[in-house]
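Protein chains in written order, with our numbering: chain A, -13 to 369; chain B, 5 to 168; chain C, 61 to 149.
Hints may contain errors.
[What the hints assert, rightly or not] If the Cβ cut is set under 7 Å, some of the chain B residues that face chain A in the computed set are:
no., residue
1, I98
2, G101
3, A104
4, K108
5, W109
6, Y116
[Said to hold, decoys possible] Non-contacting residues of chain B with respect to chain A, defined by C-beta distances greater than 10 Å in every case (computed):
no., residue
7, M5
8, P11
9, R21
10, P28
11, D166
[Said to hold, decoys possible] Which residues of chain C face chain A? A partial, calculated answer using Cβ under 10 Å:
no., residue
12, D104
13, S105
14, I106
15, E110
If you are wondering where the hints come from, they were derived from the structure by calculation, not from laboratory data. A virtual CB, placed ideally from N, CA and C, is assigned to each residue, including glycine.
Below, each chain spelled out in residue letters.
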Amino acid sequence: MTKVYCIGCGLVTPVGNSPSEVLSAVRAGKSAFRLYDGWPEPYYASLLDRKGFEGPSFFDHIALQAASAAVQEAGIDASSSRVGLVLSTIKGNIEKIDSEDVSLAVVAESLAKALGVKTAPVVVSNACISGLAALLQGVRMIRSGAYDHIIVVGAEVQSRFIVTGFQSLKALSLNPCKPFDANREGLNVGEAAAAMVLSAQPASENYFSEGFPKNQFPDTSTKPTLISNWEIVDGAVRNDANHISGPSRTGEGSYNALRYVLEGVSAEELAFVNVHGTATRYNDQMEAIALNRAGLQDVPINALKGIFGHTMGAAGILESIVSMKACDAGVVLPTHGFSQMGVEPAVNVSALERKTDKKAFVKLLSGFGGVNGALLFRKGGAR
Amino acid sequence: MKQVSIPSGASLTELYRKWVGDYPKFFKMDTLSKLGFLLTEMLVHDEPDRFTFREDRAVLVFSREGCVANDRHYAESMKDFPSPALFVYTLPNIVSGEIAIRNKWGGESSAYVLESYDEARIWEMVRQAFQDKCTQSALVAWIDCPSDNEFITNAWLVNKTDML
Amino acid sequence: MLDMENLINELKLKVIDALNLDGMTPEDIDDNAPLFGDEGLGLDSIDVLELIVLLEKNYGIRLASPAQGKEVFQSVAVMAAYVEKNRTK
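Chain A with its partners taken away, still in its complex shape (with noise of 0.2 Å):
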């Protein structure tokens, strides 16, 4: 099966831009929440700052900002044939509502014009787990053998939509989520943009380290330090085929995913499954049963919604990209918001960072219309 490499990252984030300054946040504990009047409700927070924006379209902006900057640090040509574009958003434009502009379609089409995508782009709208939905999409396309390079882009904005609809659910806490905690309570909306560059061929033969193309440094004596190849080894999406809106009793779709992606893998190559970790009652609940059943109740476990809130299409994006930063570093990231285990059967969670040196890791995330994912991610050359 044709290997999939990860050759260049984008992101836009309340806490930083580039993915030195975002891991940094995440391990001091950094975060930007902050409650915000809602219509009427409050809700707290993880917004991006719109201030001096004037565009028409602050989503349309994000998402060209995470994708360029993946696309320049991969060094490849956009309009080439061979590049495809997906995206990943749950409402995207929705405070269009009364135009056509709300179409995701548009948006996309859009998107691609900016970047000179000359390709059909294609929007993955799978609830919370379009991310990682979109990132497997990008996967079987390279698979297909049809694209050399697939930019898979994740966006979201919060909005009155938004906020009022989870609001109406009584999904939201006031106060900073906190993932399988005891004392956890709901969630909190987030937003962000995050831009992967998938390729059949590892980075290295395009370039040596982040920012740097291979035609910048043709004297090897010069050559920066090798980047690691981060491979998607595979993924897959499974429904529990249970409740439109309520998690799995059994964590059904959840356990399937993972075993589908960890067949042949063992437990012990994982530096740690990073999780949905949403910090509602049912959610890490059910987590938690799905990762015992798959025989991970060992394996480090983190969520990092505690920094960046819940940014919906943008989530299995941005935390399959912190996450792969984290473990370049040889670390477990913290647990932001969990103090006390609130899960049964428990979970390997921590509120403190942690040392790894492994070089794989599982991204899991659950969604509405009873979808789970999961995808398993390695280091080049690890095996």
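Based on the hints, put chains B and C in the right spot on chain A.
Relative to the frame of chain A, chains B and C by itself:
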């Protein structure tokens, strides 16, 4: 490969009474979900063991308009009392979930938005979905639902062997 | 008592409408029948949330949480008693 469709503007309640009749949750669904649900019934109603849990069938729903018709209903309710029952359907993939729940299909379920009804692209993506080793068949649907009374639908039940 | 009867009937109509209980009439809902669970109308967690909205919209009552909802929505009779006691509209 079986194929079905529901003509634009058809009475979904009548189709429900004809094909189903014993699933009251149907009436909570938005139009997009009702359409996907009914198209699936039309395709698998006489399949043996149809309610036995299986992981080998994917549900792949494609559209251009997504769930915009229901988004507008939710946005209306948002003006005074946001409705949770409407909000849960403001996702293009809930239709895939409703199909999975009814039929006990624990395999892949997805929703994709394409610029237009492009059969070549749809089949290319269905073929890509079969890269999942478990997937042996797929419920594929194009459901474009710009409003509750206007929709374009086409649905197929396809086996892996049909893709060769 | 007539007032309570009227309120119960009114609640049944509103519940049928809010929860899309197709084809049901107030006669089909027993005053004391459990609304949740298999023996009841088989309502689920989203229905609880929608009933919470119904109470606020029609009677100005704000429940604290879905957990409180499960108490109040045990049956139409229990709901009516609660509305009678707490309504602000």
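Verification of the hints:
1. Because the beta carbon of I98(B) sits about 5 Å from the nearest beta carbon in chain A, less than 7 Å, this interface hint is met.
2. A least Cβ separation of about 3 Å between G101(B) and chain A falls short of the 7 Å threshold, and the interface hint therefore holds.
3. Look at A104(B): its Cβ gets to within about 4 Å of chain A, closer than 7 Å, so that hint holds up.
4. A distance limit of 7 Å between C-beta atoms decides the matter here; for K108(B) the minimum to chain A is near 5 Å, and the interface restraint holds.
5. Hint status for W109(B) relative to chain A: holds, with the closest Cβ pair at about 6 Å, below 7 Å.
6. A hinted interface residue such as Y116(B) counts as satisfied when its beta carbon comes closer than 7 Å to some beta carbon of chain A; here the least separation is about 6 Å, so the hint holds.
7. With a closest Cβ-Cβ approach of about 20 Å to chain A, M5(B) is found to remain outside the 10 Å limit, as its non-interface label requires.
8. Here P11(B) stays apart from chain A, with its beta-carbon at least about 23 Å from theirs, past the 10 Å limit.
9. Interface exclusion of R21(B) from chain A stands, the closest Cβ pair being 23 Å apart, more than 10 Å.
10. Every C-beta of chain A lies more than 10 Å from that of P28(B), the closest at about 15 Å, which supports listing it as non-interface.
11. Under the 10 Å C-beta cut-off, the non-interface status given to D166(B) relative to chain A holds; the minimum distance is some 17 Å.
12. At about 7 Å, the closest approach between the beta carbon of D104(C) and any beta carbon in chain A falls short of 10 Å, and the interface hint on this residue holds.
13. Using the Cβ-Cβ criterion of 10 Å, the hint placing S105(C) at the interface with chain A is satisfied: the shortest such distance is roughly 6 Å.
14. Satisfaction of the interface hint for I106(C) is found here, the shortest Cβ-Cβ separation to chain A being roughly 6 Å, below the 10 Å cut-off.
15. The interface hint given for E110(C) is met, as the beta carbon of that residue sits about 9 Å from the closest beta carbon of chain A, less than 10 Å.
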